[in-house]
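Visitor: The task is simple: from the sequences and hints, build the whole structure.
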Amino acid sequence: MSTSVCMGIYNGAAYLEAQLESIRSQTKPPDEVILCDDGSRDASAELAEAFIDRHGLRESWKLYRNQERKGYPGNFYYAMGLCRGDIVFLADQDDIWAAGKMELMCGILETHPDAKCVCCKFGLIDGAGKDIHSLMQPAVSHGTGRVRTVSIADVFYKCEWPGMVLAYRREWYRKRMGDRQTVENIRIPHDFLVCALAAEAHGFLQTDSELAYHRRHDSNAGGEEHRLGRLLNRERKLGEIETYNRLLDAFREEGILSSREAGKALEDKRIVMGERYEALLSRRITRVLANAWRRRGMVRPATVICDVILCLGRAPGV
23 MSTSVCMGIY
33 NGAAYLEAQL
43 ESIRSQTKPP
53 DEVILCDDGS
63 RDASAELAEA
73 FIDRHGLRES
83 WKLYRNQERK
93 GYPGNFYYAM
103 GLCRGDIVFL
113 ADQDDIWAAG
123 KMELMCGILE
133 THPDAKCVCC
143 KFGLIDGAGK
153 DIHSLMQPAV
163 SHGTGRVRTV
173 SIADVFYKCE
183 WPGMVLAYRR
193 EWYRKRMGDR
203 QTVENIRIPH
213 DFLVCALAAE
223 AHGFLQTDSE
233 LAYHRRHDSN
243 AGGEEHRLGR
253 LLNRERKLGE
263 IETYNRLLDA
273 FREEGILSSR
283 EAGKALEDKR
293 IVMGERYEAL
303 LSRRITRVLA
313 NAWRRRGMVR
323 PATVICDVIL
333 CLGRAPGV
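Residues 23 to 340 in the working numbering are what the sequence shown lists, from first letter to last.
Source of the hints: derived by calculation from the structure; they are not laboratory data.
Incorrect hints may have been included.
Label-pair distances were calculated between CB atoms; the ranges are [as the list claims (entries may be wrong)]:
#1 267 x 334: 19 to 27 Å
#2 121 x 81: 18 to 26 Å
#3 316 x 46: 16 to 24 Å
#4 308 x 272: 30 to 38 Å
#5 283 x 65: 44 to 52 Å
#6 312 x 77: 31 to 39 Å
#7 272 x 193: 51 to 59 Å
#8 330 x 132: 41 to 49 Å
#9 283 x 316: 19 to 27 Å
#10 23 x 166: 22 to 30 Å
Lysine-lysine pairs mimicking DSS-like chemistry, simulated, CA-CA at most 27 Å apart [to be verified]:
#11 180 x 286
#12 92 x 197
#13 84 x 180
#14 152 x 259
#15 84 x 197
#16 259 x 143
Bear in mind that the values here come from a model prediction, so they are computed numbers and not experimental data.
Heads up, the beta-carbon is just placed ideally off N, CA and C, and yes, glycines get one too.
Guide: Encoded structure:
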């Protein structure tokens, strides 16, 4: 299987070279790397160009400079449409990959021909590359290498698979998206979309192997946070829920999902998030707990703890 790595770049000069090096140093090097700079105001594009020249990669690594800003995730959809490999790996500009990431994940796709997409587990690091331990930590790897199927309900339950952990079959994605595969105005983030589509097809696999490290810093495109003083801020959390609800609306309005199972998972999540929003607005702990009990199995325990603290209003910054 041939492989592509695609990356959207925007003002990422601070950490870009480290990520490019971790891709170049893979035990199974990519057959092509597609880099799309979305009008960076810093030296990102120049840094990427110099990296390609310095390592003699011009035949297989391509840098595209958008004439007009496509935004996020439009830049990623554009980059995905340029890929020609059988397997496409999504990459963010500020993370780090373990050296064997591509080899191991390609191996899983080879031994599971019905799989549409595979993901690994990941750790968190800060701007200096130091490990982060957070209240909302992603699923911890036990290093077993076991592979499990991720359901569509799982995807909406916690949606903890950023693009940098994903590899998908390009031909499957092309056929599934049809005429929309290169449309850059889809409102759903590219990684969320790929996860949902693969899970709906019962073809989304996760390996219990930590193969990537997601960097959390003040300029993350997704606005991720790990510091308790900022995580436990009611206004911030209400804003995050509003953003997530708009994404759920986009799934329904754009008709991305087609199965009854996926439709139910989507509607269940819409109900849960609506109830959560109203409970936080009310500041009533009893309402948070009642919702959690009624929707048990659909709400993460860490989420309930956060919401109780937010209603108490005793955390820094609330």
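Visitor: Would you say the C-beta atoms of residue 272 and residue 193 sit inside 51 to 59 Å of each other?
Guide: With Cβ atoms ~25 Å apart, the hint is violated.
Visitor: Is residue 84 close enough to residue 197, meaning Cα to Cα at most 27 Å?
Guide: Holds. Residue 84 to residue 197 sits at ~25 Å (cutoff 27 Å).
Visitor: Between the alpha carbons of residue 84 and residue 180, is the straight-line distance 27 Å or under?
Guide: Roughly 34 Å between the alpha carbons, so the hint for residue 84 and residue 180 is violated.
Visitor: Please verify whether residue 152 and residue 259 have alpha carbons no more than 27 Å apart.
Guide: Since the Cα atoms of residue 152 and residue 259 sit roughly 26 Å apart, the hinted pair holds (cutoff 27 Å).
Visitor: Under the criterion that the straight-line Cα-Cα distance not exceed 27 Å, is the pair residue 180, residue 286 satisfied?
Guide: Distance ~16 Å between residue 180 and residue 286 Cα, so the pair holds.
Visitor: Should the hint that residue 312 and residue 77 are 31 to 39 Å apart at their CB atoms be regarded as holding?
Guide: Violated, since residue 312 and residue 77 (Cβ atoms, about 58 Å apart) do not stay within the stated range.
Visitor: Hint says 19 to 27 Å; check whether the CB-CB distance for residue 267 and residue 334 agrees.
Guide: Holds, since residue 267 and residue 334 (Cβ atoms, about 24 Å apart) stay within the stated range.
Visitor: Does the Cβ distance between residue 316 and residue 46 fall inside 16 to 24 Å?
Guide: Check failed, 51 Å falls outside 16 to 24 Å.
Visitor: Going straight from one Cα to the other, do residue 92 and residue 197 come out at no more than 27 Å?
Guide: The hint holds at about 23 Å.
Visitor: Quick check: does the Cβ-Cβ distance between residue 23 and residue 166 fall within 22 to 30 Å?
Guide: holds, 24 Å
Visitor: Between the beta carbons of residue 121 and residue 81, is the distance compatible with 18 to 26 Å?
Guide: holds, 22 Å
Visitor: Quick check: does the Cβ-Cβ distance between residue 283 and residue 316 fall within 19 to 27 Å?
Guide: holds, 22 Å
Checked against the numbered hints above, the structure violates hints 3, 6, 7, 13; every other hint is satisfied.
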